[in-house]
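There are 4 protein chains.
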Amino acid sequence: MNACKLALRQEKIHRTIIEVPGPASAPVLIGQGYFTLIAGPCAVENREDYLELALRLKQSGAHILRGGAYKPRTSPYSFSGLGMEGLKILVEARSVTGLPVITELMDIRDLDAVCCHADIIQVGSRNMQNYALLKELGRINMPVMLKRGLSATIEEWLLAAEYVLQAGNRKVILCERGIRTFETATRNTLDINAVALVKSLSHLPVFVDPSHGSGLRRLVSPVAKAGLIAGADGVMVEVHQHPAEALCDGQQSLDPDEFDRLSLDLQKLAGHEKRIWLDLY
Amino acid sequence: MNACKLALRQEKIHRTIIEVPGPASAPVLIGQGYFTLIAGPCAVENREDYLELALRLKQSGAHILRGGAYKPRTSPYSFSGLGMEGLKILVEARSVTGLPVITELMDIRDLDAVCCHADIIQVGSRNMQNYALLKELGRINMPVMLKRGLSATIEEWLLAAEYVLQAGNRKVILCERGIRTFETATRNTLDINAVALVKSLSHLPVFVDPSHGSGLRRLVSPVAKAGLIAGADGVMVEVHQHPAEALCDGQQSLDPDEFDRLSLDLQKLAGHEKRIWLDLY
Amino acid sequence: MNACKLALRQEKIHRTIIEVPGPASAPVLIGQGYFTLIAGPCAVENREDYLELALRLKQSGAHILRGGAYKPRTSPYSFSGLGMEGLKILVEARSVTGLPVITELMDIRDLDAVCCHADIIQVGSRNMQNYALLKELGRINMPVMLKRGLSATIEEWLLAAEYVLQAGNRKVILCERGIRTFETATRNTLDINAVALVKSLSHLPVFVDPSHGSGLRRLVSPVAKAGLIAGADGVMVEVHQHPAEALCDGQQSLDPDEFDRLSLDLQKLAGHEKRIWLDLY
Amino acid sequence: MNACKLALRQEKIHRTIIEVPGPASAPVLIGQGYFTLIAGPCAVENREDYLELALRLKQSGAHILRGGAYKPRTSPYSFSGLGMEGLKILVEARSVTGLPVITELMDIRDLDAVCCHADIIQVGSRNMQNYALLKELGRINMPVMLKRGLSATIEEWLLAAEYVLQAGNRKVILCERGIRTFETATRNTLDINAVALVKSLSHLPVFVDPSHGSGLRRLVSPVAKAGLIAGADGVMVEVHQHPAEALCDGQQSLDPDEFDRLSLDLQKLAGHEKRIWLDLY
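Residue numbers (the working numbering), protein chains in the order written: chain A, 9 to 289; chain B, 9 to 289; chain C, 9 to 289; chain D, 9 to 289.
Everything labelled a hint here was simulated from the structure, so no lab data went into it.
Just so it is clear, CB atoms sit at the ideal spot from N, CA and C, and this is done for glycine as well.
Treat the hints with caution; some may be incorrect.
[Claimed, not checked] Here are the simulated distance ranges between beta carbons:
(1) B:P29 / A:I25: 44 to 54 Å
(2) B:P29 / D:A121: 54 to 64 Å
(3) C:R178 / D:S208: 53 to 63 Å
(4) A:D120 / C:M92: 41 to 51 Å
(5) C:Q40 / D:A121: 53 to 63 Å
(6) B:P29 / C:S208: 40 to 50 Å
(7) C:S208 / D:S208: 28 to 38 Å
(8) B:P29 / C:Q259: 54 to 64 Å
[Claimed, not checked] The list that follows gives simulated cross-link-like pairs (lysine-lysine, BS3-like), each with its CA atoms no further than 25 Å apart:
(9) B:K282 / A:K276
(10) B:K282 / A:K282
(11) B:K66 / B:K276
(12) B:K143 / D:K143
Using the sequences plus the hints, can you model the full thing?
In structure tokens form, the structure reads like this:
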């Protein structure tokens, strides 16, 4: 069954809204007019910094916290995350802020641990076609964010989502994070067409990751706002107290002040576009 | 001299504003906070339809009319434009509406004819590195819109502009119109990163062409608006009375009603972003 | 550590030769002047056909048999292999022909099963950056063939190999199988440059897969031979009794007669290039 | 008419053989089993060096001399060739060696000058879709080598050739010179599939340019030989007395000794493949 046929089948279902329970009294809602802001550092580096940043991000308007405990790295010699210790720090940030947390799952054997600690499970670009992982995620009852593969066509991306949906889990969020092209001035090429096209083909919520999508700090804010306008249901942004000292992805991370301004801009733009912005602070 | 050094040099000059004289009393301004809307069919197909459409587009808010008289076509067997007859129709539309016109120059031997009839000369993607053409355009005193090549890096694009600038013509407008990638669901991949990056590297105005940039009618409006938000100084949109019957690019052309709505959306969004929108009607 | 530094480090070690034990008295050797021919269908479809084909392939000169038991498929609705039953058929073909077998491992939980039945473990393109899988393969003592990812740079490919090497398994074979580009006339673009470049950067053996690399039956033979000339240590070719009826990849599979001719051509060309061709029949 | 239909139409004509007259008594033949070697520096830099190199290249077995008089350069500040002076040096080399010469035409206004001095006119990648130029070349009676555009599909390339053929000049030689992909370890990605595919789709001769196709000196020889094996009718190779001092493309130029070895290897391989190698020395 190809993506067009899938799209037709999906026409018959309602546009998906996903509830992310989290520790607070009311769940965070994703899709159906809500605009959702996910923020945090590439990796959880240590407890103190992460908790401080988490509180600051909540103040700035973030709805969900991100932070990698298991990091896929191109080289086996790079920092690959704190693992279980990172998961525990996420849980602490979650109870301190009341915000849900999202983190990446790379190894199927970590599924139980990640499920127990996080509110949304992220599948990274490198694992978009890790079908064993996708099928397992189809058997749980938790939101899954599926990032588009570096060179995955839109059809392949929707069919990867279908692995999770078909196995029974309908809480899938798509995330456009830039594709690989010939251009080297930017880390990736954020495919703004794909955001608009997937919104018309699929009933799943679609996010934009302007940090990986551009790879350059000064492009993060304009590209995030362009994503909202093109129809995205939310953005996921990398923020770090001291980007220059980040253990990974510093050159594409905003500092907290830059994030403040972006959050404010997004709130205004969401208002202009008649989108719903949850105020959790 | 590479693009980075060029950018540094350009820092010292003022951000360019370009006056497009046209037949009306006041010129259309491009750049420096103005947001400019160019619209029209891919090709000028016949006098009657073009004039009718031109008046309709002016009513909808277009600032400049587009229309191809000489069309570059992948196959030698496709319709390649009306040539001189098309130029004359453009001139008539110009005097009827009071709007300036832009049209493409492909052959250096048509330079005089195109200069005499149009207000802005467009260099298409296939000719972005036709250096003989670029150098000649550097010797005239008219605005030139330089479309990005299908697989040109941002550096190559800025260096192509430099051919015109260096030869003495400083009225260069850049236009991002989508790059060629592996994705086949869309005709091209509009590089939204490039819009934001070029705005920070160069003082030249940057436009977005969401029609070629996506190739699909339903994506034109969201992508046009995303372009404005990312910092573009204007958009160029293909519009046709009856897209299904267009001699070229029908599947990516808006009909006049769709264009009405897009123009209105862009005006509101320009207001939100504190951009200046000339009211010519 | 980047690929260049890795290459330097690898300069100090001997050019790798890999012994594939198999059921026959003498092992099949890979690398260091040997040219090795791997052949078989995309997927093991049923016992009878596979055994018949395996004997035919041995007659034609194949050194190693391929056949997928677990197939990664873009859509969850496509045929995904016979699983354990497929592995058993491979083992039977192995004992009937005396040839070693290679098959793909997709799910880390199948590692023991695949190790017990196959002689070489293949990591497919989609899993080139499945680091959990790579690390586990670094802990076993069996040859691993690492296919290049669809859009992996040469540096990323060598660093993925480093995950296996660093964990202790030095029996890594690289396989160029075509990259994803804008060209749609062929399924992928076989990167012949990469074959020659990796031979100069790394001491690992490099194979070429002209079946996936081109996706078109009529290109398989010229591209396989070009691979040998560019320096490849072997080729892996898809062959099916009745390509038109294959459950997957029929349009890129040779029939046994075409394979006969290719094998003969490769033997002659290997002779011309002073490469060693094992005669196992 | 698309490329497939063109291919069918071309089936009815004979496989093209092109005679390149040159100053010698017998013409150089291209296509139909002949394998032809074109060599020379990227640009003609000065008379003395060019003549010395030309004689050396003839000794090594080159059939045709290359050398740019007009050079397309990404930046307007780079060396762009000697122009008419370069053409005159080519003519002198031609009479001294008896070999025909090929040089690039960039500007339609230089057509007469280039036609008068060269034996084959080269259309570079950047001008593959410069239709005004192609149509003019269709009106002359001289061989034209059409290089594939940096991101041109095979269909677009064949349709560009059709512009020349349809206008009446049937002496078209195609040249694969690498396409632009995401890979940055090599300058371009030589599309070996395209060589084999175009040989089956078109009756025009196809060359390979391993210098631009790889961009790295150590890859030139293996890639040139792979091109022969994949079916190419010839190769075009950049050679320079002192590559490190070349005004352009030094990093991809062979020195004369390397070229000697390549020429010898190609002669042997051509013999193995039953191709005809003209001995002009």
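**Report entry** Structure-inconsistent hints, enumerated in ascending order
**Finding:** Per hint list: 2, 3, 4 and 6 violated.
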